[in-house]
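A.B. asks: The residues making up each chain are set out below.
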Amino acid sequence: MDYNKPTVVAASMIQAGVDKINLSAGDLLVRGLLSGAILGFGTTLALTATAQTGLAIVGAALFPACFIIVVLMGLELVTGSFAVLPMAYFDKKIGFWAMLKNLSLVFVGNLLGGLLYACLFCVSVSQFGHEEKNAVAQLIVKIAEAKTVGYAQYGLDGMFSAFTKGVLCNWMVTTGVVLGMSSNSSTGKILAAWLPIFIFFGQGFEHAVVNMFVIPAGIILGADVSVADWWLFNQLPVTFGNLLGGVVFTAWALYYTFGRNKRTETRINNP
Amino acid sequence: MDYNKPTVVAASMIQAGVDKINLSAGDLLVRGLLSGAILGFGTTLALTATAQTGLAIVGAALFPACFIIVVLMGLELVTGSFAVLPMAYFDKKIGFWAMLKNLSLVFVGNLLGGLLYACLFCVSVSQFGHEEKNAVAQLIVKIAEAKTVGYAQYGLDGMFSAFTKGVLCNWMVTTGVVLGMSSNSSTGKILAAWLPIFIFFGQGFEHAVVNMFVIPAGIILGADVSVADWWLFNQLPVTFGNLLGGVVFTAWALYYTFGRNKRTETRINNP
Amino acid sequence: MDYNKPTVVAASMIQAGVDKINLSAGDLLVRGLLSGAILGFGTTLALTATAQTGLAIVGAALFPACFIIVVLMGLELVTGSFAVLPMAYFDKKIGFWAMLKNLSLVFVGNLLGGLLYACLFCVSVSQFGHEEKNAVAQLIVKIAEAKTVGYAQYGLDGMFSAFTKGVLCNWMVTTGVVLGMSSNSSTGKILAAWLPIFIFFGQGFEHAVVNMFVIPAGIILGADVSVADWWLFNQLPVTFGNLLGGVVFTAWALYYTFGRNKRTETRINNP
Amino acid sequence: MDYNKPTVVAASMIQAGVDKINLSAGDLLVRGLLSGAILGFGTTLALTATAQTGLAIVGAALFPACFIIVVLMGLELVTGSFAVLPMAYFDKKIGFWAMLKNLSLVFVGNLLGGLLYACLFCVSVSQFGHEEKNAVAQLIVKIAEAKTVGYAQYGLDGMFSAFTKGVLCNWMVTTGVVLGMSSNSSTGKILAAWLPIFIFFGQGFEHAVVNMFVIPAGIILGADVSVADWWLFNQLPVTFGNLLGGVVFTAWALYYTFGRNKRTETRINNP
Amino acid sequence: MDYNKPTVVAASMIQAGVDKINLSAGDLLVRGLLSGAILGFGTTLALTATAQTGLAIVGAALFPACFIIVVLMGLELVTGSFAVLPMAYFDKKIGFWAMLKNLSLVFVGNLLGGLLYACLFCVSVSQFGHEEKNAVAQLIVKIAEAKTVGYAQYGLDGMFSAFTKGVLCNWMVTTGVVLGMSSNSSTGKILAAWLPIFIFFGQGFEHAVVNMFVIPAGIILGADVSVADWWLFNQLPVTFGNLLGGVVFTAWALYYTFGRNKRTETRINNP
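Protein chains in written order, with my numbering: chain Y, 14 to 284; chain V, 14 to 284; chain S, 14 to 284; chain A, 14 to 284; chain P, 14 to 284.
Here chain Y stands alone, though its shape is the one from the complex:
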């Protein structure tokens, strides 16, 4: 059977949480770094498409490619872990501090990957600083400013706005993780996980790991953004929004209705 019923998926998520806890720090950092960089690759593809067509929806349609690569290669993305680990924690399979350490290491790995790709991409896009900013570079600068000083101008309201977009974003990203597990075939994983990622990127919701590339890349390329702007008005509120979205609307909700008693429901699907 290619399709996994939701109770099976919930059980797989709990098991995945346990498996993640057993990974070494080196594994978490390497897998996290690859993920962070690959999300950068996907972001610059999406922005290239947006710049060429003038339609952000086209870029958004392509962005999920990088998320799918991360899913198929079994890498570590902290936003995905925001749903997977809490499910294992709710099921009393893993401890709180082990979860926190795991999330922290993956966060650091993702950040290193984002920064590495930011450096390599900026060399590439500017011919090592010899050429004017092209359309993609300009778009990155503009986005980096909108995602930081764009919120800072509204103070706490701006932070809350970023936080809310973080909640909505990771509701969909973690849904992508769930759907990636709802199929045993590569094709099923690709098509199913594509959908919610397209939904979040298409509407400009805020994803912590994407921002680990796009904001520093914007700074390198000349955006008028300080590191404090980055972290205070984006990285921190967005990360907490991502955490809340993943924990409440995916980890808790699915654990509540599909995970607790591991019922073996007979239905195939039932909307």
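Mixed in with the good hints, there may be bad ones.
One copy or two, it doesn't matter: identical chains are merged, so the pair holds either way.
The list that follows gives simulated cross-link-like pairs (lysine to aspartate or glutamate, EDC-like), each with its CA atoms no further than 20 Å apart [stated by the list, open to error]:
id : residue 1 : residue 2
1  : 146       : 40
2  : 106       : 145
3  : 105       : 237
4  : 114       : 32
5  : 105       : 145
6  : 155       : 32
7  : 155       : 144
8  : 146       : 170
9  : 146       : 104
10 : 146       : 237
11 : 114       : 170
12 : 114       : 104
13 : 106       : 32
14 : 105       : 32
None of these hints come from the bench; they were simulated from the model.
Since the structure of chain Y is provided, determine the placement of chains V, S, A and P on it from the hints.
C.D. replies: Relative to the frame of chain Y, chains V, S, A and P by itself:
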């Protein structure tokens, strides 16, 4: 075998109806809330695409993404239940009042999900009220007005028009549920269920659960629509139209020709 | 094995013909009515896409959605039966009069479905008669006239032209039925059957069941077409063209080369 | 296993060559006629898309539909046989004269199919001669002239140019045949075989069977092309180019590296 | 199971490296030549699409077709081998000099294929020199100059820029090889491997084998580029960049975290 013949699908639908009746109120509300919100996510993606391209057909092509998520995650959508539960009822597997209670709880869950997403989305789209309405917000306002006062101007004829669009809509939505069950693979479910949902959204037919998000969101964003307009000229006639479309053209028709005697036909397909 | 070799498909078609003969009149009418209406749904989606984009090829790319729904749900389409039943007849598995009765009942079911959808759609598109004809309604009127009085102006030559387009149309439609049987998976059926249906619709060939919706809908919406124009210059010559195309180029040709001796060829494919 | 490794594909091609030799003349002619006509159907769809969008690449993206139909239905295409039969010949499974006779019969079948579709299509596109040439008909005329007198103006160099385009074309067409055999599922066959066919059609390379429809259709519709132009500057050099491309770059190359010793390599894929 | 977990993929890559070492020089050259030419076919399709639409992203969306063909046919691409062979070397399954010899032979095969296609394509696109350069030919000339003298103007910085684009390119290309192995079905291989190839081509990263066609083709068509420019400012730095990207970010990283101990992890996917 990946493809399920229609007699198998009819039997699965009857069984799914029985399974739904056995769900607790908490399960129905949580699964319903997730569905309601996820349909909101898909609606705003579709409207974003429509606003950017100026082509409603592009938005309609993307909208089914959210319906597919609901199908793959095994969540509860009252419009889908309008076909699934009556089939079990026709087969004398479930009682009338249990069916009514189930539909009511899912309706409430869907409504809560639509309202929750409406609130979160409006914070997001307006930077917590600090920015002018963007193109998507304006489109939501316009749609909310067309879907309510647009019918109210014609009185009973308008209500009947909304009702008819509800019938046509849910004929296709419930066909999407049937097609989601016609395959055992994720890919088959995704592709097959996409088709009728695209058909209904592309032509502006009326779906009760989509309206649970788009009309209140329009009201929050400033549409000149009262709660009475919403319920009298849209939510109620559309819900009854959805009910009729699901019961007659899917539940009754498929029960009549594929369900009654559970014939084990040998053909694979036979148009 | 997901893919069925042509000799297997030929045998399945013969068996499908036998199974169809065993269906009751009620089954044929209900399945036929659903098919007729569903083809109407797909036609109006296609015309909506055409009207919005100004590109008929976009509408044609979407039209096969409704044919696929009919295939996956195991419904009855008289144009498909024009190939399936004759194969069983050539193989001496069914009688001539039983075949004729079956085709007649499905023809009536398809017609009832087309008329039903025409009524419901016209209520919907005109807000129960309160609004001007929108772009889709205007396109339907124009098409209804082109498909009837457009041929009538050339007399017998026009009828022969409609007949020829009917032959070409159903060569492809019945190829779609064959390809729908060439796979055991939903995905394979969807992708394979899509191709020939796109080919016929994209070039404006004439399909009897589509016309059972689009011409009466045009008449309701104000096309200057009489019922005599409809039947004399379109429905009759197109139906006979569809019959000839299905019987000669699919039923006879495939029976001749793949069906007669049920050879068990070992090749997988062999162009 | 859905995917077949190249050594398995090479063995299947040799077996397919043997099976083809065992077909009767009637089978070869019927299967060849269907193929020739179906390639015509696909060509006119592609030209319709090109005429409407002004982008030949859109037409080229659609053209492979007809090749896929031929693959899935197990029909006979002489250009595909240019690779399949020589592989069986290299492996000493079939004789030279049997191969030549088989290729000749399929060539004749393809030609009859192309001519038949040319006649039916020309009736359809011109309303039996009553209407002016529409955009597609004009495009066919223009292409028929470019593909014949366009080469004739350069004499032998033009013939060599047509021959070279024939080589490049059939390198890709026979690659399409190989890829169609590299999967056991319909979906895999469809997606894989689509790619090289798109590549050849998109760049205007020359395919003998497509030209069996498009040049005579152009002549019927008024192109200033003689039958001698057709055969001398296109059909003959293109057919020999197709033969060389199929024999050298597919039959010989794959036989050399995957077929000779039928090694059972353990790798799944290895670029 | 269609989807292969990353530990399985890592083991397959090591085995593929061993199998490659056992291939004869003739096999490596023939498979390499086919690959080099097929990448040329894909490049000219992509440039045709770019020239017609004015959107490089459309061309980039099509380019992966040729990479997929290479993967499905089991041919040899030196850039892919830059990750596969080092994994086997890290695992002490193959020797350093055997690896070097293998890479060199495939490099030569790819180069011969690129040159062969460049000659044939230039005959085709110019009607054997009789016609002006069309849009695609002009684009090839422009790209060949940008990829050589475009870097040469910045001296060592230009070389470093080309090297960096080579690193980013082959990180993605080798990810494509990994993803091609992550599925056992043709469809899964096609969809998964498409993604990273689209990502690299869409952003103009530098691929050694593509350049083996596009730069010499540009020179033939009149680009103001010397053979020294080609090799010094593109082929050599890009090849070394490709090597580094493949060895570090795919071979080493995946060997480190998925290959060393061949753990049999139970998770299905775990981002």
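A.B. asks: Just pull the numbers of the violated hints for me, sorted ascending.
C.D. replies: Result: hints 1, 2, 3, 5, 6, 9, 11 break, sorted rising.
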